[in-house]
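> Please put together the full structure from these sequences, using the hints given.
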Amino acid sequence: MNIIELVKQILTDCPLVSDLSGEINIDYTENNPVSFGLYPIGDQLIKEDILGNQERQHNFVLYAVFQSFNDYDRLANSTFLLNLAYYLEHAATGQEIEVTIDNKTVSGKLTKLSSANGMLYGYQDGTLSGPVTYQIQIYAEYHIESEGF
Amino acid sequence: MADEIIGKIKRKYMAHFIDAAEPGATTPSYVRLGTDLEEYNVEMNANVETKRNILGDSVTSIDGYEPQSSVEPYYAVAGDALFERLQKIADERLTLDDLKTTVVEVHLWEEGSTTGTFVAYKEDAIIEVVSYGGDTAGYQIPFNLHHVGNRVKGVFDIATKTFTSDSEE
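Line by line, the protein sequences give chains A and B.
Residue 1 is where the first sequence starts when you use the numbering used here, and the numbers rise one by one after that.
Residue 1001 is where the second sequence starts when you use the numbering used here, and the numbers rise one by one after that.
No wet-lab data here; the hints were simulated from the structure.
Remember, it's a predicted structure, so these values are computed and weren't measured experimentally.
Don't be surprised by glycine CBs; every beta carbon is placed ideally from N, CA and C.
Check before you lean on any hint, since a few could be wrong.
Under 7 Å between C-beta atoms, here's a sample of chain B residues computed to sit facing chain A [claimed, not checked]:
1) R1011
2) K1012
3) G1034
4) T1035
5) D1036
6) L1037
Straight-line C-alpha distance at most 27 Å; calculated DSSO-like pairs for lysine-lysine [to be verified]:
7) B:K1010 - A:K104
8) A:K47 - B:K1012
9) B:K1008 - A:K47
10) B:K1012 - A:K104
11) B:K1012 - A:K112
12) B:K1010 - A:K47
13) A:K109 - B:K1010
14) B:K1008 - A:K104
15) B:K1153 - A:K104
Far from chain A by the CB rule (all over 10 Å, computed), these chain B residues [as the list claims (entries may be wrong)]:
16) S1061
17) V1077
18) D1135
Structure (structure tokens):
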């Protein structure tokens, strides 16, 4: 399981998400509420120690299509993002991942999940009363072991 | 070692081990340094003396070294032998001979005479715990290592983590 699969799995298993929708799509959201789409937006090396072990970060944007008839809906939507942010802070428990580089597979583990910029992203039909899309950026920090020595 | 090292040597091939066993233990317990360290330097601290003679020429000489290294950050890992040694030093405010250890520098690019061994240098050292605590990233016990001499050349078996001096071979 790579880091993208792991984060998708964590979100799928999150009760906040599973209570609303059974699945998380990758790079895709449906037009009708409720729909979730996880969009990976890149990986970066944070630091490397002298043994060759790496701390890396993979960035995602989670888009969520919700209904937005009134303030009650919109408050619930924003509260969902707030609660998801709290949930993610405690969701990294050293889950194992595999990283394949040049046909060499090394092991790693998830060290931290955090999020930012949870907010209303856009309207579907040019009106706030139709389906609306919210976004939250998710950062997954993980550690991979140096191969050999 | 599977691959022959050619050209520029990666940092990980210069390996640094420290004996985490208590002073007086019958067998050393070598632990590799480097986890979480983005940089690790052994500062040579050469004793440099410069004199100017009556002809006006300056003469520079080096008559010794006081090598020292700093391990920072060092994140405590429960059950790790080195952590337990460092914690004991901090807890019991140990001094003098209780701080003695040995360090081994292993040239992983330079194979020894037998398979799995590499050229290495062992030296006596003193552990100086600098502080303990740290931020929310984890419990830290940064420490300095003062190399105090008795440097011996030998080979290090990377699998068993044992050092054998050339005179013992």
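> List in ascending order the numbers of the hints, as given earlier, that are violated by the structure.
Violated hint (a single one): 15; every other hint is consistent with the structure.
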